[in-house]
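Sequences and hints are given; from them, build the entire structure.
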Amino acid sequence: DRLKRFVIPAGLVSAREIERRLRVYIKPRWKDRPITSIRRTDVTKLLDEVADQHGPTMAEKVGKDLAATFKWYGQRHDEHFLSPLAPGLQVHPRTAKERARTRVLTHKEIRLLWRAAEQTGMAGVLARLCLLTAQRVGAVTAMPFQDLQGDVWTLPRRPRSKGDIEQVRLP
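The opening residue of the sequence shown carries number 81 in the working numbering; numbering runs sequentially from there.
In short, the hints are calculated from the structure, not lab data.
Quick list of in silico lysine-lysine cross-link-like pairs, BS3-like style, CA-CA up to 27 Å:
| id | residue 1 | residue 2 |
| --- | --- | --- |
| 1 | Lys-111 | Lys-151 |
| 2 | Lys-111 | Lys-125 |
| 3 | Lys-107 | Lys-141 |
| 4 | Lys-107 | Lys-144 |
| 5 | Lys-144 | Lys-177 |
| 6 | Lys-111 | Lys-144 |
| 7 | Lys-111 | Lys-141 |
| 8 | Lys-125 | Lys-151 |
| 9 | Lys-151 | Lys-107 |
| 10 | Lys-141 | Lys-177 |
| 11 | Lys-144 | Lys-125 |
| 12 | Lys-151 | Lys-141 |
| 13 | Lys-125 | Lys-177 |
| 14 | Lys-125 | Lys-107 |
| 15 | Lys-125 | Lys-141 |
Structure representation (structure tokens):
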């Protein structure tokens with residue numbers, strides 16, 4: 081199976097999930113077509129249908145999977161292969177509103193994370209500090225000492241704070 085040889089990009093997404101998307105959204109449509117016969121209009125039509133039926137987030141994920149597949153094929157099979165996707169092209173970009181996340185951790189999830197963090201050394205300390213301050217890992221790890229005044233951490237306005245406001249974190 082060609083999907084088994086596909087190089088899965090690193091990240092939080094499992095190989096199983098990427099394979100599932102390839103099998104569900106791409107393979108049924110193009111299983112008998114050579115990859116060299118797929119054109120940009122084919123990709124656009126597929127992604128528009130995925131967006132209409134399964135939402136823009138899924139279309140963006142499938143588009144990224146396609147981009148990785150075309151890149152993988154081009155690097156390994158045919159030096160003259162041209163991907164139907166232009167380099168750097170966002171294959172199905174979402175609006176900021178579509179990208180916005182609304183999920184929050186439940187009380188149970190916070191307790192589980194806190195307990196697990198107690199067992200993991202410095203990574204756990206970082207996780208607990210993020211929970212206590214409601215800040216992202218990047219903000220916590222980039223915090224300069226001059227932002228600390230005793231027990232108070234003040235995040236100045238952009239570029240380091242989320243939004244365009246100064247944030248104060250008390251212990």
